[in-house]
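Here the structure of chain A is known, so what remains is to put chain B in place on it, guided by the hints.
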Amino acid sequence: MASLFGRRPQPSSAEKIAAAEAEIDLVSDMFNRLVQSCTKKCIPSDYRESDLNKGESVCLDRCVAKFFEVNVKVSEKMQGQAAAGGAGGGGMFGM
Amino acid sequence: MEGLNAQEQRELQSRMEKKQMKEFMTMYSNMVQHCFDDCINDFTSKTLGSREEGCVMRCIDKRMKGSERIGNRFQEQNAAMAQSGALPGR
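Chains as they are written, first to last, in the UniProt record's numbering: chain A, 1 to 95; chain B, 1 to 90.
Chain A on its own, in the form it takes in the complex (with noise of 0.2 Å):
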C-alpha cells in the first residue's frame, strides 16, 4: 500500500515483511470475495454436469472482468473524495 502514497525513509525488516504482508492478504482477500461472488452469480445450484458449460464459462470471465471494473471505479472515486475532502472516505485505505 505504501508505495501508492510515497515511502517513508528505511523501514525496518519487521514493517517491509508486514507490508509485503498486509498487500498479499489485500489481494487474497479480493481473490476469495470475487470467487465468491462470481460462483453465486453465475453457477446455478443444481448441479446438472459436473463441467462448466459454455454459458456458465462467459459469466465467470465476464464477472471476473466487471469485478476488477468496479474495483477501479471505486478506487478512484475513493481517492479523489480523500484528495479533495481530506479526512471523509480516506480512513477506508488504512492510511
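Derived by calculation from the structure, the hints in this document are not laboratory data.
Where is the CB? At the ideal position from N, CA and C, for every residue including glycine.
Hints are not guaranteed to be accurate.
Claimed, not checked - Covered by chain B, per the in silico footprint, the following chain A stretches (three or more residues, Cβ under 8 Å):
1. 11 to 17
2. 40 to 47
3. 52 to 59
4. 64 to 77
Using the frame of chain A, we list chain B on its own:
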C-alpha cells in the same frame, strides 16, 4: 516483492505457508457447506442417496473448475492492471 532481502523473504515465505494451510481449510469447509446446502434437502434417510451423492460430486467438480477459471482470469487482469499501473498488486 520488492526490496526484501533473503532472510526477510524466507520469513514471508513461512508466513505464506501457514496462510495457505488456513486458506485450504477454509476452502474445504466452504465446499462442504455449499454442496451440502445445495444438494441435501431430504432427511427421510440417514445415508446419502445416489442422486444426492451424484449431486455432491458434480458440485465439487464444478466449483473447483469454476474457481480455477476465476483464478486464471484474476491473474490475467492483475497482470494487465500492474502494467497499466492501477490499484491492486501495485
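- With a Cβ-Cβ cutoff of 8 Å, does the segment 11 to 17 of chain A contain at least three residues near chain B? holds (count 3)
- Message: At least three residues with a C-beta closer than 8 Å to a C-beta of chain B: is that true for the segment 52 to 59 of chain A?
- Response: holds (count 3)
- Taking a Cβ-to-Cβ distance below 8 Å as contact, does the segment 64 to 77 of chain A have at least three residues touching chain B? Check passed, 6 qualifying residues.
- Would you check chain B against the segment 40 to 47 of chain A, counting CB to CB pairs closer than 8 Å, and say if three or more residues qualify? holds (count 5)
When each numbered hint is compared with the structure, no violation occurs for any of them.
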